[in-house]
Amino acid sequence: MIKAMRTAASGMIAQQMKVDNIANNLANVSTTGFKRSAIEFQDVLYQNVRRAGSASAVGAEVPTGLAVGYGTRAAATVRQFSEGNLMPTGNPLDMAITGDGFFQIQHPDGTTAYTRDGTFNISADGRVVNSDGFFMLPEITIPEDATSISVGADGVVQVMVFGEQEPTEVGQIELARFINPAGLMAVGRNLLVPTGASGEPITDIPTQSGLGQIDQGYLEMSNVKVVDEMVNMIVAQRAYEMNSKAIQTADDMAAIANNLKR
Amino acid sequence: MQLVGGTILLLAQPVLKASAEDTVIKGIYTSASGMLPRIKKQELTAHNISNVSTPGYKRDALFTKELTRAESRLAPKKSDWEEPMVNEDYTDYTPGIFDKTDNPLDLAIDGDGFFTLELPDGTRAFTRAGTFTVNQDGFLAFPGGPLLLGEGGPIEVGSGKVTISQSGKVDVDGFEFDRIVPMTVSDLTRLEKIGNSLFAVPEGSELIPVTKSTIRQGYLEASNVDIVREMIDMIISFRNYEANARALQAQDQSLEHLFNRVGRQG
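If you read the protein sequences in the order shown, they are chains A and B.
Just so you know, we're using our numbering here: the first sequence kicks off at 1228 and counts up by one.
Just so you know, we're using our numbering here: the second sequence kicks off at 537 and counts up by one.
Keep in mind that the hints were calculated from the coordinates and are not lab data.
Built from N, CA and C at the ideal position, the CB exists for glycine as well.
Take the hints with a grain of salt, since some may be wrong.
To be verified - Computed cross-link-like contacts, DSSO-like style, restricted to lysine-lysine with a CA-CA straight-line distance of at most 27 Å: (1) 1230(A) <-> 1472(A); (2) 562(B) <-> 576(B); (3) 636(B) <-> 1230(A); (4) 1452(A) <-> 705(B); (5) 636(B) <-> 562(B); (6) 562(B) <-> 1488(A); (7) 636(B) <-> 705(B); (8) 1488(A) <-> 1230(A); (9) 636(B) <-> 1452(A); (10) 576(B) <-> 636(B); (11) 1452(A) <-> 1472(A); (12) 697(B) <-> 636(B); (13) 1472(A) <-> 697(B); (14) 1488(A) <-> 576(B).
Unchecked claim - Partial pick of chain B residues on the chain A-facing surface, computed with a CB cut under 8 Å: (15) 589; (16) 634; (17) 638; (18) 669; (19) 695; (20) 699; (21) 795.
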């Protein structure tokens, strides 16, 4: 009886985590470059009350046995890297990646972080930074007297300098990709860091090694689909309710057992 | 012998033999043994309900068999009230519906058969939960580490773009690498659920390829738990439990009447 309660409680906890995760997805429905995540569940260890093949009371072999499981648990959070829609902004340093690559960002702690959020600006000293002021890697400096910036699909950054006829190349954007992007860890601020599961970054120039190309003047929108999330939320809420009913029933059964002795 | 208070305990340790003189009490045992399977049933239902969102989960069902008197006579050195009900559970392998996830490494089998995995200890396990990832060595893996097996063993896809056709052909960047063939065993009742959405394949069993089944990339098979059915099961087992408890109490009342009222003068 107590077991049925714990089993159903594991179901409630699981559904609660699912709703937490859906809430995070929904909260990021307008976050540039955000990738929705999903929680995957697995069933938990089984207790063999009677093994298949053991002898029954009457000496016959039990054909199927009796194994009762202990509920469910969250197995993994999987980030889904399907591409979001591209939104034109007209801002020369807004970039979107069509393909599997990530921008490389110099995190203030010295490590390299990765992002799909291509909202870049120019810092006071002319370097290309993201909206938090973290440098893009490799570092690119835009000259003070530049009148226009153009970024090619292959990541070559050129500027027109006042008084000159030909554009000047000032840098080359490099992108990174991972064997298993679903294994990247989100650290907030739209940044992802590699883990043992994601594998080491493979860096190259855009359009090479399956990294995809850069679209200047566009931003990649969040890939959260509100309708999907809403449907998932309704399902999770009902499943939560079902599990609570199972706990209630187990409790009622325990009450009956207690009331056997008057 | 105690009348009621210890009945369930006695059932839990079924060593006493019901003899001719305690036939009055036998009815209490019968009612109590009608209650016990419903507890197990409730545990199974709770497990099914808690796994309503587990991809590839197959519901557990219980059937309770009443032993006939003839069968219980066959039991040597066993009392005839022991296990009047025999519980057996079986797994219902009905396919679940397909959920579109758009994750290229989510796979579902349309038809019979299972994905074959190699566990870290070298043994084989089956799963219907196609929630695969690429591990850091570039192999297709199941959450927790087991490797997905294709026709040529573990499938190494490296960092390429993986496309899996309906026939299970694994293409990486357009080149054919391997093939995923759903496998099964001749007797599904011999598969044992071991948690983590895995079914242990009994040692020495022959794996039979299921060529009729197709693989669907970007889909997951949902749990086959039907919540309406589980709710009904829960209500039925609860009411059965209640009815047996009532019957037990009624017999207790008759006994009380017998001992305290019958034969009393005036």
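Results for each hint:
no.	hint	result
1	1230(A) <-> 1472(A)	15 Å, holds
2	562(B) <-> 576(B)	22 Å, holds
3	636(B) <-> 1230(A)	34 Å, violated
4	1452(A) <-> 705(B)	30 Å, violated
5	636(B) <-> 562(B)	56 Å, violated
6	562(B) <-> 1488(A)	17 Å, holds
7	636(B) <-> 705(B)	20 Å, holds
8	1488(A) <-> 1230(A)	23 Å, holds
9	636(B) <-> 1452(A)	13 Å, holds
10	576(B) <-> 636(B)	35 Å, violated
11	1452(A) <-> 1472(A)	31 Å, violated
12	697(B) <-> 636(B)	19 Å, holds
13	1472(A) <-> 697(B)	45 Å, violated
14	1488(A) <-> 576(B)	22 Å, holds
15	589	5 Å, holds
16	634	15 Å, violated
17	638	5 Å, holds
18	669	5 Å, holds
19	695	4 Å, holds
20	699	13 Å, violated
21	795	14 Å, violated
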